[in-house]
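K.L.:
Below, each chain spelled out in residue letters.
There are 2 protein chains.
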Amino acid sequence: MMKNKFGKRISIEQVEEGNSLMPKFDDNGLIPVITVESGTELILMHGYMNEESLDLSIDTNLAHYWSRSRKKIWKKGETSGQFQHIKEILIDDDQDCLIIKVELDGLGASCHVGYKSCFYRKVDKDLSLEFIEKEKVFDPEEVYEGEENPTIL
Amino acid sequence: MMKNKFGKRISIEQVEEGNSLMPKFDDNGLIPVITVESGTELILMHGYMNEESLDLSIDTNLAHYWSRSRKKIWKKGETSGQFQHIKEILIDDDQDCLIIKVELDGLGASCHVGYKSCFYRKVDKDLSLEFIEKEKVFDPEEVYEGEENPTIL
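Order-wise, the sequence lines are chains A and B.
This note's numbering applies: residue 911 is where the first sequence begins, and numbers increase by one.
This note's numbering applies: residue 911 is where the second sequence begins, and numbers increase by one.
Rather than coming from a laboratory, the hints here were simulated on the basis of the structure.
Warning: the hint list may mix true and false statements.
As the list claims (entries may be wrong) - Here are the simulated DSBU-like pairs of lysine-lysine, each with C-alpha atoms no more than 35 Å apart in a straight line:
| hint | chain 1 | residue 1 | chain 2 | residue 2 |
| --- | --- | --- | --- | --- |
| 1 | B | 1011 | A | 1032 |
| 2 | A | 913 | B | 918 |
| 3 | B | 918 | A | 1044 |
| 4 | B | 1044 | A | 981 |
| 5 | A | 1035 | B | 1035 |
| 6 | A | 985 | A | 1011 |
| 7 | B | 997 | B | 934 |
Chain A extracted, bound-state conformation:
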């Protein structure tokens, strides 16, 4: 049961210059979300929400995503204990992307591979990847024991 009602997108002016939340969900019913650590402003991850997970996120202040690999609502931290407490939500000009600024529970990490941020590698000129995080914060095999890896090839 949805607690929040999102506005209907009627005009470009309302969407871009208005004061009402009118999020656009794509053909799969999803909106991309950039998750940032509140305070450090570090980009932690890029995920997706459907209408229900956005509603839950706003209602509980805990980040809920839509897991595209598991095809279900994904309350971040449910397995790892690393919940994300939402401090602020931003939306972009055409309201088809969100930023959530969060505080992290537990070890203060967010990436299922064990790093703090999912963006732990940079692309060099020769297309090789360089690790900018040198050490994992946690051991994913311990934290996610028995769970399937969400990465899709």
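Please arrange chain B on chain A, whose structure you already have, making use of the hints.
P.N.:
Below, chain B without anything else, positioned relative to chain A:
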């Protein structure tokens, strides 16, 4: 003609723990891109690249996107003069999202509505939007005179 060859995604281990760029393009041939201002770390916009625009971006160090509304390669700044010079590219764990860190030409703005960042509004508890950028950097009607608004309802 593509200058860069991206790696083939063979195993999860190579994708997550490896040193080779193996970007995943979605069913529409696109990868999401978070654009950040180098130095300030401000998130400016969220866009998409196809294989060709990623190739061009890496080759020229100028941000090229795929415009979903115009359905063509979009060299950012071509109309406005506000080119984005790429200083760094990061990729996430499963290699299906990029961050590009850029320096901005011109007025130092990035949003087609006239603000510096596309994320100029925050979502309040009652779902109303509050403007966190108080003034536009430029007048879009002047800069984009005669161009169609890219926002899709």
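K.L.:
Now, for every hint given, state plainly whether the structure supports it.
P.N.:
Here is how each hint holds up against the structure:
1. B/1011 x A/1032: holds (11 Å)
2. A/913 x B/918: Between residue 913 of chain A and residue 918 of chain B the Cα gap is close to 44 Å, so the pair fails against 35 Å, i.e. violated.
3. B/918 x A/1044: Since the Cα atoms of residue 918 of chain B and residue 1044 of chain A sit roughly 25 Å apart, the hinted pair holds (cutoff 35 Å).
4. B/1044 x A/981: Outside the cut-off at roughly 39 Å; violated.
5. A/1035 x B/1035: violated (44 Å)
6. A/985 x A/1011: holds (16 Å)
7. B/997 x B/934: Distance ~22 Å between residue 997 of chain B and residue 934 of chain B Cα, so the pair holds.
Figure legend: structure checked against the earlier numbered hints; hints not met, in rising order: 2, 4 and 5.
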